[in-house]
Amino acid sequence: MKHEIRELLPFYANGTLDEPDRTRVEAELAMCAQCSAELDELRRLAATLRARAESAPPPPPDIFASALARIDAADTAPRAVDAQVSAASGPRPPRSRPRLPSWWTIPARYAAASLIVVTFGAAAAAAFEAYESAFVGSSPFGTGRAASGPDTVFRYTPNPARSAEAAATSGRAAAARRTLTLTTVRTRVAQHAIVRVRAADAQRTLNAARVTIRAEGGTFTPMTTTMPARPTSEAPQAPPSSEAQTAHAEPTPSSEALTMRAEVPASRLHTTLDELARLGTVEYRAVTADELESVIDDEQATLLALRAHETALRVRIARNAAADDRAGLAHELAAVRREIAVLEARTRSDLHRVAAATVTVTVENEPPTTTSNR
Amino acid sequence: MSDADDRRLLERIAARDRVAFEAFFRAHGAGVHRFVRDIVRDEMLAEEVTSDVMVEVWRKAGTFGGRSRARTWLFGIAHHKAIDAVRKRRANTVPLDDLLDLASASGDPVDAALRADERARLDAALGTLSAEHRAVLELTYVEGFAQTEIAEIVGCPVATVKTRAFYAKQRLRDALTAADTCR
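Chains as they are written, first to last, in the working numbering: chain A, 1 to 374; chain B, 1 to 183.
Do not take every clue at face value.
Cβ pair distances, simulated, as ranges [unchecked claim]:
{"id": "1", "chain 1": "B", "residue 1": "LYS60", "chain 2": "A", "residue 2": "ASP201", "range": "37 to 47 Å"}
{"id": "2", "chain 1": "B", "residue 1": "ASP3", "chain 2": "A", "residue 2": "THR271", "range": "29 to 39 Å"}
{"id": "3", "chain 1": "A", "residue 1": "THR271", "chain 2": "B", "residue 2": "SER2", "range": "42 to 52 Å"}
{"id": "4", "chain 1": "A", "residue 1": "GLU339", "chain 2": "B", "residue 2": "THR63", "range": "29 to 39 Å"}
{"id": "5", "chain 1": "B", "residue 1": "ASP174", "chain 2": "A", "residue 2": "ALA345", "range": "26 to 36 Å"}
{"id": "6", "chain 1": "A", "residue 1": "ASP290", "chain 2": "B", "residue 2": "LYS60", "range": "22 to 32 Å"}
{"id": "7", "chain 1": "A", "residue 1": "ALA33", "chain 2": "B", "residue 2": "ARG89", "range": "25 to 35 Å"}
{"id": "8", "chain 1": "A", "residue 1": "GLU54", "chain 2": "B", "residue 2": "ASP3", "range": "44 to 54 Å"}
{"id": "9", "chain 1": "B", "residue 1": "ARG89", "chain 2": "A", "residue 2": "THR288", "range": "30 to 40 Å"}
{"id": "10", "chain 1": "A", "residue 1": "PRO61", "chain 2": "B", "residue 2": "SER2", "range": "20 to 30 Å"}
{"id": "11", "chain 1": "B", "residue 1": "LYS60", "chain 2": "A", "residue 2": "ALA345", "range": "20 to 30 Å"}
In short, the hints are calculated from the structure, not lab data.
Cβ coordinates follow ideal geometry from the N, Cα and C atoms, glycine included.
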């Protein structure tokens, strides 16, 4: 067998030879029994190796998350120092970010309505929306908010009082916190707004509300809920919690109200509410907020500690622990990674709740001017 | 997934699109991990190197020049990282034994035992080869790359790849034969 042909056979066997080489090999194969035997052997080898590959165990499920965590760590560190970052998700429309006030007051125009605003206001949350959406957007299985990523990243800063409180309950979390730098103070809240509007044409007004929400960078569920309208004098209730019946673009009788749920960037919540208020007569408007500062602080600190623990385990394994130890350490490593995955998902969800305020919009038809049913 | 799809994903990854990154590794992650594991022959190290490869793709996607297939570029990174890891830890490479229970899912325990035995023999024989030879076997017979592509992946002339592919097969056959005579 010619040496030249022998070296081409593996690539004839895997079907990647170009035309001239293939022709040469085939000419040789027609004349050389040894070549044919060699080719048979190579084909068997290929089949064996492929079968072995196909039955190989898949990569660990958390390997992707682990790579993304490393990317996040690498991406975030220098940006936090600079406190400026370019958009992390490619081109997107320019987005102006209002100068942040050092304090926040309830706008007088909201006071006229039945308004509930908890202590931690929207502006405080808005100040950190950029940071939060960066974190949410950077998650391996992100909520899609990366598309509206931040202009500015603020360094993560735990509330010192809360840190002290947490230190008493979680040594691990508190230890992790010590590595963080205090540069600013903030409060994270999950906001929910309820707006109830009366308008001449409920369906048209609801469509206009959708346009408004989209213009503010929000999203809404395509489904609307139809429910009986309340008497005008009735005290406001909690927003409908279930979508019992749905109606799509149907003209609604005056006895019904249309409701939809939407999400808007937390920083745009009050602008959105202002815009929605222009669509009709505001019957009721409220903003409630759940404070998540301590929850997220604890989640993030615990995550830092878990990742440090994971790294330590990997180092110990890599340093050639005895075989028995390796098995135990590998088991522990898997458990730590599971814990990290669960906690990451929970943190992403909480950060999303902070970054995106929910809005329940209800539009009722204006009552008829004449009472014809009596 | 076609090369055009891969290229589009790499472009999006270069623009920091995590969805594209996930899609890219959903398509190629298992192959890369298997290739790396066969070179380094250590589960933990393979995981680490695969993660290194992913991070490198994220960082370097923008440098993909498009002269080769995206897969070739990817396996070039994987090969470089894996060989580098082997060289750093050549003195204490741990034999890969986690794969021996693969056949345990089979319905017939005798079949399973036979297959596991065959698998163990093959793994042991592959273990006697150099990392470079294992890489060429994997790239040729499992991943189905052309000789020029393998040359690009491993950073050697085509002539070296051909010689390596030939000797890798010879060494594997010798190792399997030796294993047979020792049974």
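Hint check results:
1. B:LYS60 with A:ASP201: 37 to 47 Å: This hint is violated: roughly 56 Å between Cβ atoms.
2. B:ASP3 with A:THR271: 29 to 39 Å: violated (46 Å)
3. A:THR271 with B:SER2: 42 to 52 Å: holds (45 Å)
4. A:GLU339 with B:THR63: 29 to 39 Å: holds (36 Å)
5. B:ASP174 with A:ALA345: 26 to 36 Å: Since the Cβ atoms of ASP174 of chain B and ALA345 of chain A sit about 50 Å apart, the hinted range of 26 to 36 Å is violated.
6. A:ASP290 with B:LYS60: 22 to 32 Å: violated (42 Å)
7. A:ALA33 with B:ARG89: 25 to 35 Å: violated (45 Å)
8. A:GLU54 with B:ASP3: 44 to 54 Å: violated (22 Å)
9. B:ARG89 with A:THR288: 30 to 40 Å: About 57 Å separates the Cβ atoms of ARG89 of chain B and THR288 of chain A, which means 30 to 40 Å is violated.
10. A:PRO61 with B:SER2: 20 to 30 Å: holds (26 Å)
11. B:LYS60 with A:ALA345: 20 to 30 Å: Roughly 29 Å apart at Cβ, these two residues keep to the hinted range, so it holds.
Hints 1, 2, 5, 6, 7, 8 and 9 from the earlier list are contradicted by this structure; the remaining hints agree with it.
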